[in-house]
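Participant: Chain by chain, the residues:
Number of protein chains: 4
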Amino acid sequence: MPKTTAAWREPGEYTKNLVQAALLRCGRYAIPMITSRAEVSVRYAETDMMGVVYHGSYLPWLEIGRTALLKEHGLPYRQLEAEGFFLPVLEVGLRYLKPARYDDTVTITTTLREKPTLRIRMEYELHRGEELIATGSTLHAFIDKAGRPVRPPPAFAEVMGRLFA
Amino acid sequence: MPKTTAAWREPGEYTKNLVQAALLRCGRYAIPMITSRAEVSVRYAETDMMGVVYHGSYLPWLEIGRTALLKEHGLPYRQLEAEGFFLPVLEVGLRYLKPARYDDTVTITTTLREKPTLRIRMEYELHRGEELIATGSTLHAFIDKAGRPVRPPPAFAEVMGRLFA
Amino acid sequence: MPKTTAAWREPGEYTKNLVQAALLRCGRYAIPMITSRAEVSVRYAETDMMGVVYHGSYLPWLEIGRTALLKEHGLPYRQLEAEGFFLPVLEVGLRYLKPARYDDTVTITTTLREKPTLRIRMEYELHRGEELIATGSTLHAFIDKAGRPVRPPPAFAEVMGRLFA
Amino acid sequence: MPKTTAAWREPGEYTKNLVQAALLRCGRYAIPMITSRAEVSVRYAETDMMGVVYHGSYLPWLEIGRTALLKEHGLPYRQLEAEGFFLPVLEVGLRYLKPARYDDTVTITTTLREKPTLRIRMEYELHRGEELIATGSTLHAFIDKAGRPVRPPPAFAEVMGRLFA
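Protein chains in written order, with my numbering: chain G, 29 to 193; chain P, 29 to 193; chain D, 29 to 193; chain L, 29 to 193.
Hints in this document: simulated from the structure, not taken from any laboratory. Ideal Cβ placement from N, Cα and C applies to all residues, glycine included. A hint or two may mislead.
[Claimed, not checked] Derived Cβ-Cβ restraints for the label pairs, each shown as a range:
1) L:Glu186 - P:Gly102: 46 to 56 Å
2) G:Glu111 - D:Arg179: 32 to 42 Å
3) G:Ala193 - L:Ala110: 45 to 55 Å
4) G:Leu191 - P:Ala185: 51 to 61 Å
5) L:Arg147 - P:Lys143: 28 to 38 Å
6) L:Gly157 - G:Gly112: 22 to 32 Å
7) P:Gly102 - L:Gly157: 23 to 33 Å
Please construct the entire structure, taking both the sequences and the accompanying hints into account.
Facilitator: Here is the structure:
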């Protein structure tokens with residue numbers, strides 16, 4: 029965001045913004061966006077009598093996806109909690125497109141599309157091979173041990189600042 | 029819904045609609061809407077190391093809510109499946125407002141706001157005493173044993189037709 | 029338990045033992061033994077693709093059984109933990125006799141056969157109607173927040189002392 | 029076991045048995061015994077409010093262990109079920125020695141100590157690094173789709189016959 033109107037007079041910056049906005053609109057612009065991949069092998073315990081995976085069994089998979097993303101960037105969730113920072117789920121949404129089945133290998137692609145501030149939104153795509161079988165999102169905020177909302181831990185803020193620079 | 033403009037000339041109907049709209053807006057008008065209440069006592073198994081209920085543990089509760097609603101109207105889900113009709117979850121959304129805790133009594137209020145056609149939307153409110161702790165919704169459609177979308181079973185259509193007459 | 033010493037003087041001590049053993053054998057002798065009943069309605073989430081209840085889903089039921097027993101005797105587990113006493117499972121054993129099914133009502137009968145000292149053994153029988161569908165047992169010991177073995181909380185010891193007097 | 033002294037005269041067989049028995053007794057004899065290793069990374073969903081893994085969460089791990097063993101020997105459980113053979117759990121026993129924790133890597137060692145006949149017993153050891161944290165066993169028998177006990181599928185019998193030759 030330009031903070032001075034002077035910015036508008038520099039054609040380069042202005043043009044860049046325009047182009048960026050246009051490209052964003054048609055989905056071809058590479059905005060900074062953090063993505064991580066994890067895999068699970070579907071457990072028998074995760075199925076139900078419909079013969080496919082129980083819809084609630086997908087939630088631990090999303091969790092595996094986002095903690096893999098955090099770990100890859102040097103932020104193991106285990107350590108965040110050890111330092112007194114908890115990241116509960118405030119909202120979750122899931123769309124089931126194709127049933128997952130026992131013994132399937134499911135790839136969880138987790139994406140952080142915006143620099144997290146107080147709220148952190150994660151998006152998920154679940155694939156079996158090439159086939160997209162579910163999409164979802166979760167919303168989070170940091171709290172302390174007493175359950176009070178807190179600012180993200182410094183290490184987290186630092187990593188995100190760098191990733192979304 | 030009046031389909032002819034003639035409806036507008038009949039003061040009664042017109043006034044009724046106006047009043048209905050006004051009451052709807054302030055939430056006091058009784059539109060046909062099916063609601064059911066069920067209770068769960070929070071299990072230790074449903075908690076996680078954050079000391080509260082794991083966010084995924086709410087999904088079986090919603091299921092208890094909607095199957096209670098169906099059973100109250102003479103449609104036990106067990107029997108629907110026995111007759112070859114399955115009602116998988118196509119979408120789920122949940123907002124967590126306050127953490128549920130071990131040994132809490134949680135009341136699940138399930139609402140069917142619109143007459144279900146091919147798609148069935150259920151809405152949920154979870155309370156601990158007077159306190160609203162979570163809201164959610166699920167979307168469903170009937171499928172057969174082979175996983176193909178099918179029309180709702182006749183008994184289901186009949187009950188819904190009567191409830192939303 | 030004989031309440032008068034007279035009982036012991038009657039030659040029949042030997043006879044009494046014989047009778048006691050006989051009655052025990054035919055299940056009609058009342059040894060001090062604490063029993064509690066709880067009910068669960070089988071959840072869809074508890075089934076697996078074999079079409080019946082997943083074998084791991086029985087463990088939360090045993091937990092419901094033993095916490096019901098404790099609560100009935102004025103020892104809600106929630107409060108034990110609030111006072112810093114935890115009762116983890118050291119051992120569990122289960123025999124599955126008949127499959128439990130979705131929407132079944134399962135009665136959990138929990139029995140404390142011996143006065144618990146440092147170790148607490150609970151035994152379980154699961155019925156669907158009159159039919160015994162599973163049996164099990166768990167072994168427990170109290171630990172403190174740091175995970176160290178501790179003596180049972182005074183309230184617990186007092187209740188058990190009274191029950192097994 | 030030779031029941032007649034005649035056996036003494038057949039050096040080969042007799043010596044073999046003696047040596048085998050002696051070695052078995054001191055635990056150094058390599059009896060045919062099938063072992064498989066699998067790993068799980070502990071999920072947040074598997075913990076409870078005691079801050080460690082919920083005791084019921086170990087059961088899906090044992091399942092991962094035994095299905096890995098079967099798969100390694102060309103018997104994917106998915107296919108056994110596809111061919112109409114189901115392998116329910118008849119008994120389970122677990123001893124918890126040390127608590128498993130979130131994000132731990134747990135190695136499941138599954139052992140088939142005897143050639144399975146109608147009953148199949150699997151034994152388990154769970155380690156975190158070098159530390160043994162739990163042991164367990166399960167008992168199984170094959171059933172058909174209708175729940176009736178059946179002989180193991182031919183492929184299974186053939187593999188076991190070869191492994192325990």
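Participant: Each hint: holds or not?
Facilitator: To see whether the hints hold, each was checked on the structure:
1. L:Glu186 - P:Gly102: 46 to 56 Å: About 52 Å separates the Cβ atoms of Glu186 of chain L and Gly102 of chain P, which means 46 to 56 Å holds.
2. G:Glu111 - D:Arg179: 32 to 42 Å: The hint (32 to 42 Å, Cβ to Cβ) holds, given that Glu111 of chain G and Arg179 of chain D are roughly 34 Å apart.
3. G:Ala193 - L:Ala110: 45 to 55 Å: With Cβ atoms ~51 Å apart, the hint holds.
4. G:Leu191 - P:Ala185: 51 to 61 Å: holds, 52 Å
5. L:Arg147 - P:Lys143: 28 to 38 Å: violated, 54 Å
6. L:Gly157 - G:Gly112: 22 to 32 Å: Holds, since Gly157 of chain L and Gly112 of chain G (Cβ atoms, about 26 Å apart) stay within the stated range.
7. P:Gly102 - L:Gly157: 23 to 33 Å: violated, 57 Å
The structure is inconsistent with the numbered hints 5, 7, although it conforms to all the rest.
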